[in-house]
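The listed protein sequences derive, respectively, from chains A and B.
Using this note's numbering, you'd call the opening residue of the first sequence number 557 and step up by one each time.
Using this note's numbering, you'd call the opening residue of the second sequence number 557 and step up by one each time.
Errors might be hidden in some of the hints.
Copies of one chain are not kept apart here, so a pair can be met inside one copy or by any two copies together.
[Stated by the list, open to error] Lysine-lysine pairs mimicking BS3-like chemistry, simulated, CA-CA at most 25 Å apart:
id, residue 1, residue 2
1, Lys1203, Lys941
2, Lys1157, Lys1202
3, Lys1152, Lys868
4, Lys761, Lys629
5, Lys923, Lys670
6, Lys844, Lys668
7, Lys659, Lys1077
8, Lys1203, Lys1077
9, Lys835, Lys758
Just so you know, the hints here were simulated from the structure itself, not pulled from any lab data.
2 protein chains.
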Amino acid sequence: MLCAIFTSVVEAQQSLNLMPLPEKVQAGNGRLVIDRTFSVSLAGHHEARLDRVVEIFLGQLRQQTGMPPIDMKVTDSASGTLVIQAAGGTKQVQELGEDESYKLDISDSGAKLKAPTTLGVMRGLETLLQLVRTSSDGFAVPAVSIEDSPRFSWRGLMIDAGRHFIPLDVLKRNLDGMAAVKLNVFHWHLSENQGFRIESKKFPKLQEMGSDGLYYTQNEVRDLIKYARERGIRVVPEFDMPGHSTAWFVGYPELASGPGPYQIERQWGVFDPAMDPTKEETYKFLDKFIGEMAGLFPDQFFHIGGDEVNGKEWDANPKIQSFMHVHGLKDNNDLQAYFNQRVQKIVAKHGKTMLGWDEILRPDLPKDIVIQSWRGPDSLAQAAKQGYRGLLSSGYYVDLMWSAERHYATEPQSGAAASLTPEEQKRILGGEACMWSEYVSPENVDSRIWPRTAAIAERLWSPQDVRDVNSMYQRMAVTSRWLDGLGLTHNSSYDPMLRRIAGTDNIAGLKALADVLEPVKDYTREETAPAPATSASPLNRVVDAVRPESATARQFTDAVNELVGGAAKPGVEARVRELLNRWRDNQVELQSQFEKSLLLKEVAPVSQSLSALGAAGLAALDYLDRSEPAPAAWVTAQLALVEQAKKAQAQLLIMVAPSVEKLVQASAGQPAPSSVPAK
Amino acid sequence: MLCAIFTSVVEAQQSLNLMPLPEKVQAGNGRLVIDRTFSVSLAGHHEARLDRVVEIFLGQLRQQTGMPPIDMKVTDSASGTLVIQAAGGTKQVQELGEDESYKLDISDSGAKLKAPTTLGVMRGLETLLQLVRTSSDGFAVPAVSIEDSPRFSWRGLMIDAGRHFIPLDVLKRNLDGMAAVKLNVFHWHLSENQGFRIESKKFPKLQEMGSDGLYYTQNEVRDLIKYARERGIRVVPEFDMPGHSTAWFVGYPELASGPGPYQIERQWGVFDPAMDPTKEETYKFLDKFIGEMAGLFPDQFFHIGGDEVNGKEWDANPKIQSFMHVHGLKDNNDLQAYFNQRVQKIVAKHGKTMLGWDEILRPDLPKDIVIQSWRGPDSLAQAAKQGYRGLLSSGYYVDLMWSAERHYATEPQSGAAASLTPEEQKRILGGEACMWSEYVSPENVDSRIWPRTAAIAERLWSPQDVRDVNSMYQRMAVTSRWLDGLGLTHNSSYDPMLRRIAGTDNIAGLKALADVLEPVKDYTREETAPAPATSASPLNRVVDAVRPESATARQFTDAVNELVGGAAKPGVEARVRELLNRWRDNQVELQSQFEKSLLLKEVAPVSQSLSALGAAGLAALDYLDRSEPAPAAWVTAQLALVEQAKKAQAQLLIMVAPSVEKLVQASAGQPAPSSVPAK
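Bound-form chain A, shown alone (with noise of 0.2 Å):
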C-alpha cells in the first residue's frame, strides 16, 4: 500500500483535526468503513477495566453514528474491526506516571490498537472516536498510524464545588469531556467560606451547617471516583485550610481563630476566618477528619489548599500570638508553615502525599509534597530547584475568560523553568487548569471550561514544538462540537439562556450582539459589579451567558487584518461588510425588546455602541474602497467613539472595537498599531 508521509506535524493536524495533536503521525490511504458490523476484538492482556472501557467506547461510537445498541460488539473472534492489544492492565488505584502511551495503526481493511497498559488503550480510543468522519461510503476513519504518548503525566482539570455547587450529573459530562481530550486528574475543590460540599460521617455537621444542604454522600463520592477510574482519570480531593474555611466553623467553630459564631460565607473574596494552629483539637479533628477521607479517596495525593491566609484572626487572637512567642514563630507564614508541617504529618500517616498551593513551599517539608503554582513558572522553578515536585495552574485559569491562545501559550517549562537541568525539569509534572467557580452554575459551567480546556489539554499532552494558533483554533472547533456528542452543554445552554433574557425565540437579534461579546477579564467583574456579587446572586445576566471568546470577533479580527495588510482574499471584504451592517442596524432590531426584558435592557448602551462600531466600520471601508483619506475631524470623532466602546459596560466587552480601530485609523491613513492588542 503506498503511503503519504506527511512532512510536517502541522499537515497532519489540518488534515486529521485530533486534539490533543499526537506525537506521530502518518498518513495511509483509503479508509476504514464503520458500519454496524464494526466489532472489537481483545486479543492482549485482559482485565475487568478494559471491559467496562470498551463498552463506554462502543457507546460513544454508536452514538457518533447512530448506530442501534443490538450491534457494534464485542467479538470472540481474533479478527475484530478493531483489534485491541494491551500488553499488561493498571495498577488497582491509578498511578501518576502510569504509561498512557498507545499505537493506533488504522488500514482500509481494520484497526489495529497496542498499547502497554489499558490507561494507553483508552488514549488510544479516544483518537480513534475523534478520526471518525462522514463519508460517501458512511461513517468512516482515514487510515493512518499514529504513535503517541502525554507530554505531562499530570494534566488535570480541578472544579471548585465550593463556591457554587456542582451537580455530580455535571461533573460526570465534564469527566467525559476531560477524557476526550485525553487529561487524567480531576481536581475537586471541596470546600470553602461559601460550602463545604462532602458528608462527613465523623463530624456531621460540617455538611450539615456548612452547605445549605448541597453537598456530595459519600456514595456519591464513590460513584464518581468509579465513573473517573473508568475513564482514566485520578481523583484528587481538596480540603483548603487554614483559610477558605468559613464554612467549616459554621458546625464547629471551635476549629477557628476567632470568637465566633460563624455563617457561610455569602460574598466572593479572602476572608478572616482561619482554623487556630495552635490548639492540638484542631490537629486531633484534622487527622480523624483527613483519615476518613483518605479511606474515601483511593488517590496516593491530597491536596490541603493552604492559599490566601490573611492572617487577621490569627493577629487578633492573644492565645496565639502567645504561642506563636513560645514557640519562636516571628509572623503568620512562620505559622502557617508550623500548621503545614504538622497537617503534612497526618497526611503521611493517612498515606498520602501532600499537595498544595505555592503558599505552602518551605524548605521544611519533606520533598514528596508537590506544589500547585498559582504564581507561574519562575515559582515553580524555585520549587523544582529545591527538589520540589510542581504543577502549573497559573496561565490556566479559565475563570479569567481568557481567549484559548492565552491559555495555549502558557507553557510550564518556560521563564526560569526553561533551565532548569533535565533532573530539575522532571519535577514538573505537568498542569492544571482550574474553573474557580464565583460566576458559575450548573448552567454554564461547561461554557466556561470547554472548549479552551481542550487547548490547555494539548499544551500538556502534545509535543512542546506543537502551537500553531490557527490549527489549534481551527481543531478546537471542531473538538468543541465532538464535546457536544458528549452531552456538554458548553454551546446547548447559549440559546436558551437568551431566549430566557430576551423573554422570546426571537433572539437574532441579541445573538448578532452576543456573538461578539466577552465577560470582561482577570477580577474586573467584582471589581466593576454594581452591587457585591454573592453567592446567592442569579447568573442568568446576559455577561453570564456570553462565551468566554468570541469566535465572530477573532474572524473579524483576521478579516480587517487581511483587509489592513491589503493582502485580502476575494470576499473577505464583502463578509466584514456584511457583518458590520448587521451590526449597525441591529440596534433596531432589539429596540422594542428592551423594554420587555429587566435582564436584556442592561445591554441596551452596549448594543447602541456596537451599532456605532458598524456604521464607523462601514464608513471607513468606504474611504478606503475610494483611496480618499478620512477627514481628521471623523477620524477624531470615530477613535473617541471606538474608545467608549472599549469600554466595558455591563460588565462585558465588545471584542470588535479594536479591529473597527484599525478599519478606521486605516482610512485616515495612519499606520496601524503592529497588532490588535492581546486579549
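Chain A is already provided as a structure; the job is to place chain B on it using the hints.
For chain B alone, kept in the frame of chain A given last:
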C-alpha cells in the same frame, strides 16, 4: 383592584399560552414578580409527597428563571409568595379518578393555590410554571384566577420499550414532559417479539435470553415508579400475550404453540408465535410471573395486550386443534377468549384489574376490565354499551406521523360514543397517546412524542369545546420551548442529527430542506422500504431526523392560502417569495455536499424536487402579480412536476408541494381546490 374578565376562552388562550387550557380563566391586573425571594408556604394538609412536589416545583422554577439553589425556599411563615392549601393528601397508590382539580389565584402581591388533594396541587403548580415569563421587572406571572379540573380521568402516554429499548433516563425526561401537560398515566409496553425488557427473578431467562441485554432491573422499575408518583403519574405495565411474545419463547419455548426453537425477532410486523392456551403449564407460568409483576407494579391496572394474534401456530398444532374440538371452541377467537378468561382470573387473583386492546372484548369477561381501543370511538361505544370501561388510542398513535391538528380533532366522545347515555359515557375513561417504537431510538423518540402529544393532552384535559386549531398551534409552540427546559430533546436533537448526516457544521442547506419535509405517514415507511427494516437498522437517516410535522410548511400553507384567497396581509408575499427563492437555490448549496455523505445522498432527488417547486412557485407568483394567466402548457408541465414532488422519496414527503400546486393553479386562473389536502 380592577379586573378584566375574558369574554371568551379563546381570548384567555391567546394571552396566557397555557396548555392544556384550563376550564375557567379570569385575568386580573398587574403581575406577581418572581425573584430570588420567592417562597412557598404550606398552609393546608401536609404529606411527605407534597414536600417532594414542592421541591421539584422550586427546582424547575429556579431553572426557568436562572435563580440559585440557595434561594426560593419553603418558608415556615404563612405569608410565602405562594401559599399552597391542600384540603387532603393522596392515596397510598395513586388511583384512577382521584381528584386533580385546583384553584389558582395570582395577584400582584402573591399567589394562592387551593386543591382538594396533593394531585391537584401538582397540576396547579404546572400551570403556575407555564405562566412565568420575562418582563420589564424581571420574571413575573400575570395576575389571574384559574379554576381547573380534567375532563377525563385517564390521560396516558404509552411508550413501547419492546421494539426498541428506551433507557430509563429517556423515560424519566418524558415523564417530566407528561407531568408538564398534566398527563397522568404512563403505560409501559414491556414485552414484544423483539424484546422482553424487564428483569424477572422467577424466570430470569426471559430477560437473559430475550432482551439482548437491554432490560430494566427491578430496582430501576421501582425507581421509575417512584419518579412517576412524585409527578402524579400512574404506571401501568403491559405484557402482551398470547401474541407479540416471541421474545418470551427464546428462554421458555415450552410456553409457545410451535415447536421452536425461537430467536428474538428482528423484523417488524405481526408474527406467528403465540402462547399455547391449551397447556396448564402456560397458566402456571403466567400465575407466577403475573404474581411477581403484580408485586412490583403497585397500580390497580394490569395490561395483558391481547392484540394481533394471527393464529397460525394454533392452526398448525394438532394438540391445540384437538383441545379446541373437545372444548367446543369453534375458532381462534374463541380460543383467545378462553385464554383471556383464564388470564383474567389470574390477574384478578393477584388483586389487579385487567386491561387489554380491543380484541379482548368478549361478553364473557367480567365488567371491571378496561378496553383500550386502537379501532376507534365506535368500538369504544360498543364496549361502553355492554358495560365495559374504555380508553381511546385510535387517532392518538404518534408513530403514524400525523399532524397535531389531526390528533387534536380526535374526540373520544365522537361517532357512536357521542350518542351514549350519560352513564355509558362515563365509561369512557379517556385516552392514551401511543409511541410504538419501530422507528424510534433514544435519540429521536422525544421528537416523535413532543410537542404533538401536548395537543392530545389538551384534548383529554380541557373542556370539549376547546378546539381552536390556530390557538392550539400557537400555544403548542410555546409549550414546546417550555418542554426544552425539562431536558426533552425534541428540539435539541435536530441539529446534531443533521450535522451527523451532513458530516459538517454547515447545515444551512440541509436544514432549509429538512424543515419542509416530513416522514411518510401511517405505515407507508414499511411499505416503501427498499429492504425490510429491522431492529438493527440504524435510525440515523434524514427520515429519522425530520420532524413529524413541519411548522415551516404549515406557515407556508397559511400564507399561500391568504395570497390565493386575495386577503394577504402586507409582507406575506415577500415571505412566500423568500422561502420559494431559498428552496429554488438550495439545491446549488447542497449539491457539493451530497457526494461527501452517503446519508445525505439519498435526499438529492428530494432536494431537486424542492428546487423545482421553488422555481414553479416563483413563476406562478410572477404571473399572479402581473394579473396575466399562465400559459396552459406551462401550467400542465408545472402540475406534472408538482404531482411528482408529492410522491414520497427516501420515505419523505415535501409538505409544501400542495401549496405550490395551489399557486400554479391560481396563476392559471383555475379554481383552487377548496383546501389543501389534510395531512
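Okay, the hints, checked on the actual structure:
1. Taking identical chains as interchangeable, the C-alpha atoms of Lys1203 and Lys941 are never at most 25 Å apart, the minima being 43 Å within one chain and 77 Å between chains.
2. Taking CA atoms no more than 25 Å apart as the test, Lys1157 paired with Lys1202 passes inside one copy only; the shortest distance there is 19 Å, against 48 Å between copies.
3. Proximity of Lys1152 and Lys868 under a CA criterion of 25 Å is satisfied in neither setting, with 47 Å inside one chain copy and 67 Å between copies.
4. With identical chains, the CA atoms of Lys761 and Lys629 are at most 25 Å apart between copies only, with a shortest distance of 21 Å across copies and 48 Å within one.
5. For the identical chains of this complex, Lys923 and Lys670 are neighbours neither inside a copy (36 Å) nor across copies (67 Å), given an alpha-carbon limit of 25 Å.
6. Proximity of Lys844 and Lys668 under a CA criterion of 25 Å is satisfied in neither setting, with 49 Å inside one chain copy and 49 Å between copies.
7. Taking the shortest alpha-carbon separations for Lys659 and Lys1077, neither the intra-copy value of 41 Å nor the inter-copy value of 49 Å comes in at or below 25 Å.
8. For the identical chains of this complex, Lys1203 and Lys1077 are intra-copy neighbours only, at 12 Å inside a copy versus 57 Å across copies, given an alpha-carbon limit of 25 Å.
9. For the identical chains of this complex, Lys835 and Lys758 are intra-copy neighbours only, at 19 Å inside a copy versus 61 Å across copies, given an alpha-carbon limit of 25 Å.
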